[in-house]
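My request is simple: use the sequences and hints to build the entire structure.
Heads up: the sequence lines are chains A and B, in that order. Read in the working numbering, the first sequence has 11 at position 11, and its numbers run on one by one without any break. Read in the working numbering, the second sequence has 23 at position 23, and its numbers run on one by one without any break.
No lab work stands behind these hints: they were computed from the structure. Among these hints, one or two may not hold up.
You can't tell identical chains apart in this list, so a pair holds if it fits in one copy or across any two.
Computed cross-link-like contacts, SDA-like style, restricted to lysine to any residue with a CA-CA straight-line distance of at most 20 Å [what the hints assert, rightly or not]: (1) K190 x D42; (2) K327 x E73; (3) K190 x G14; (4) K236 x P325; (5) K327 x G109; (6) K190 x P201; (7) K236 x H170; (8) K190 x A239; (9) K327 x A93; (10) K190 x A16; (11) K327 x A97; (12) K190 x E127; (13) K327 x R193; (14) K190 x S15; (15) K327 x G14; (16) K190 x L317; (17) K327 x P192.
Being a predicted model, the structure only gives us computed values, none of them experimental.
There are 2 protein chains.
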Amino acid sequence: MTTNNPILAEVLRGSAVESLHAGALAIVDAGGAVHTALGDVDRPIFPRSAVKALQALPLVASGAAERFGFGDEQLAIACASHSGEPEHVATSAGMLARLGLDADALECGTQWPSREPVLRGMLARGEQATPLHNNCSGKHAGFVCVACAMALAQGREPAEFARGYVAPNHPVMREVSAALQATTGFDLAKAPRGTDGCSIPTYGIPLRALALAFARLGTGQGLSHEHARAAQRLRKAVAAAPFMVGGSARFDTLVMEALGERLFCKVGAEGVYCAALPELGLGVALKIDDGAVRAAEAVMASVAEQLLTLHDAQAALLRGYSNMPLKNWNGIEVGTVRATVAALTAVPNRHPAPGTI
Amino acid sequence: MTTNNPILAEVLRGSAVESLHAGALAIVDAGGAVHTALGDVDRPIFPRSAVKALQALPLVASGAAERFGFGDEQLAIACASHSGEPEHVATSAGMLARLGLDADALECGTQWPSREPVLRGMLARGEQATPLHNNCSGKHAGFVCVACAMALAQGREPAEFARGYVAPNHPVMREVSAALQATTGFDLAKAPRGTDGCSIPTYGIPLRALALAFARLGTGQGLSHEHARAAQRLRKAVAAAPFMVGGSARFDTLVMEALGERLFCKVGAEGVYCAALPELGLGVALKIDDGAVRAAEAVMASVAEQLLTLHDAQAALLRGYSNMPLKNWNGIEVGTVRATVAALTAVPNRHPAPGTI
Chain A
1 MTTNNPILAE
11 VLRGSAVESL
21 HAGALAIVDA
31 GGAVHTALGD
41 VDRPIFPRSA
51 VKALQALPLV
61 ASGAAERFGF
71 GDEQLAIACA
81 SHSGEPEHVA
91 TSAGMLARLG
101 LDADALECGT
111 QWPSREPVLR
121 GMLARGEQAT
131 PLHNNCSGKH
141 AGFVCVACAM
151 ALAQGREPAE
161 FARGYVAPNH
171 PVMREVSAAL
181 QATTGFDLAK
191 APRGTDGCSI
201 PTYGIPLRAL
211 ALAFARLGTG
221 QGLSHEHARA
231 AQRLRKAVAA
241 APFMVGGSAR
251 FDTLVMEALG
261 ERLFCKVGAE
271 GVYCAALPEL
281 GLGVALKIDD
291 GAVRAAEAVM
301 ASVAEQLLTL
311 HDAQAALLRG
321 YSNMPLKNWN
331 GIEVGTVRAT
341 VAALTAVPNR
351 HPAPGTI
Chain B
1 MTTNNPILAE
11 VLRGSAVESL
21 HAGALAIVDA
31 GGAVHTALGD
41 VDRPIFPRSA
51 VKALQALPLV
61 ASGAAERFGF
71 GDEQLAIACA
81 SHSGEPEHVA
91 TSAGMLARLG
101 LDADALECGT
111 QWPSREPVLR
121 GMLARGEQAT
131 PLHNNCSGKH
141 AGFVCVACAM
151 ALAQGREPAE
161 FARGYVAPNH
171 PVMREVSAAL
181 QATTGFDLAK
191 APRGTDGCSI
201 PTYGIPLRAL
211 ALAFARLGTG
221 QGLSHEHARA
231 AQRLRKAVAA
241 APFMVGGSAR
251 FDTLVMEALG
261 ERLFCKVGAE
271 GVYCAALPEL
281 GLGVALKIDD
291 GAVRAAEAVM
301 ASVAEQLLTL
311 HDAQAALLRG
321 YSNMPLKNWN
331 GIEVGTVRAT
341 VAALTAVPNR
351 HPAPGTI
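Okay, here's the thing in structure tokens:
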């Protein structure tokens, strides 16, 4: 693995640099033309949860979502890494209920909510975590829905057909991988394969191909008719229900609440971010070498700041991540996490400075 | 800040590298001779909590610890980043009680215990965190003890004298900084200064100087008589009460339980590790560029494995960190965090391979 990627984010303590985050960033249009390439954008990386929207395309494209009456909230949570808040749990449970199933159908494993007040409340009440609290429960409920629709079309028993849906060779996961291959244009048969946190396969795909997939997701260009329609439906769903994609005080939720359909962005584990900017026809994919989320968020925020024309409040929100204060146990500001000049200058500024509009 | 440090640890998912951690490592003897230098060991880095044992030297050297009857547990927790378990809270509270004080004297701020079962138990019982749960409470109780001894020697009111002890110019913190400067040989007046998580100053010091300080801590060479005696007392205390330095399932505690006085090691925030290996007369200091603890532990474990002659069980314990399996939400092994060949080969192997002894 390369060691030559540039420093994209840095952590200051006082005025001194304490820690550094190298990484790579690709911004590509739907025709595959490279807008920005920083670092090695051709080495396969595991995109993890950053591609959940691509993995959700079959849910819509197959007609399964429509068959079971899924609306914006259900489609948004199918693209989510949520914080396990009550609304998330209820939405995932509701999706399974429409299939006549419950949490037992989920194969993502049990995870406690990442949202601390929710976790504390559960513990105080003596409650146990379930697979519905897993950040991937909505994505998995979507997979189970695809399985049920497939089963019904074949006259098979849905719950039985769905079982084992996380395996790479299950018909559902084959459909999901096909969507990933079609949108990225990357041959997954040649890709490194790992197992994700929720047990589905994750494939190593270059940032350049991931950025292309998100440019296509944002524009529909280069996609099949079914995938283009599904992409548009998912983007609208996420813009209408951004809380479902993350949760309280989460980057993806806050940014999409502020920007609506202008930006679809999604974090992945180990420092990955992918985004679509439909109005510019661009897709973005980045990976922090060391896997740090704090750096991935800072760089994603700075890319959006650079590329989009923003109101002051929108710019301030993004700036809170691209130049984020660090506080200590006494609440004293002791440092900053920020995108580096290298990251900022690599992305040509498309708009006048905030406040000058 | 340099970008040329070598990759010291890597994260695999399946058989593919998912994430990388660059860093620098210095191993130095008490005379300042460099045993191993990997990456930039001359750039100042913030050692954070890795130097708590150096910061605790005045507690012993001043006679304050003896005056208030502190034993192994009190001295060990003065060097600790503990997990906030009941034994830690009770020990820090007991130190303050001997001074006629309570948690109100601590200026470290409030932090919830990092040990999850302890945290869950507290939440289930509706308890609140206090400064005694802060991982630094023992270090701060030690600072307050030094302040009280100073006050009594000057006929001043102890609690009043102690107030503001975290400030760089308070007499206690001046004594602490003097110990840091004396042991590292680095002029702190020229060092970058930041504020630590617990509000005391942290100074930028090169890894080479930090490794020297730990070689001195382990041997007493190059230290004043008082510091040498204090260093020996602290090492014995930590070896006798390693639970106090970390807690359940913590690297420092487990390794020092297994190795006793053969290894003193201490983690610091943002990917720092320092260690003394008295039998070899060596000190170790390392910093992971990006601040990742998982990488710092893997490299520290591999350094100890390489340098020390170990029984099989000791080697297996260290190997569990230098080559650590990663499991997903279903408990499936999906990858590994491990020290790289570059890290391993840089440290000359001082002993026959484990199992061949």
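Comparing the hints with the structure gives:
1. K190 x D42: For K190 and D42, the Cα distance is within 20 Å only inside one copy (14 Å; across copies 43 Å).
2. K327 x E73: For K327 and E73, neither the intra-copy (34 Å) nor the inter-copy (30 Å) Cα distance is at most 20 Å.
3. K190 x G14: between (46 Å within a copy, 15 Å between copies)
4. K236 x P325: Neither way: K236 and P325 sit 32 Å apart in one copy and 40 Å across, limit 20 Å.
5. K327 x G109: Answer is between: at 11 Å across copies they meet the 20 Å cutoff, but 34 Å inside does not.
6. K190 x P201: within (14 Å within a copy, 52 Å between copies)
7. K236 x H170: Answer is neither: 29 Å inside a copy and 58 Å across each miss the 20 Å cutoff.
8. K190 x A239: Answer is neither: 34 Å inside a copy and 52 Å across each miss the 20 Å cutoff.
9. K327 x A93: The answer is neither: 37 Å in one copy and 26 Å across copies each exceed 20 Å.
10. K190 x A16: between (44 Å within a copy, 13 Å between copies)
11. K327 x A97: Cα proximity of K327 and A97: none, with 43 Å in one copy and 30 Å across.
12. K190 x E127: neither (44 Å within a copy, 53 Å between copies)
13. K327 x R193: Close across copies (16 Å), not inside one copy (39 Å); limit 20 Å.
14. K190 x S15: Between copies, since 14 Å is at most 20 Å while 46 Å is not.
15. K327 x G14: This pair counts as within: shortest intra-copy Cα distance 11 Å, inter-copy 37 Å.
16. K190 x L317: neither (40 Å within a copy, 37 Å between copies)
17. K327 x P192: between (39 Å within a copy, 18 Å between copies)
In the structure shown, a violation is registered for the earlier hints numbered 2, 4, 7, 8, 9, 11, 12, 16, in ascending order.
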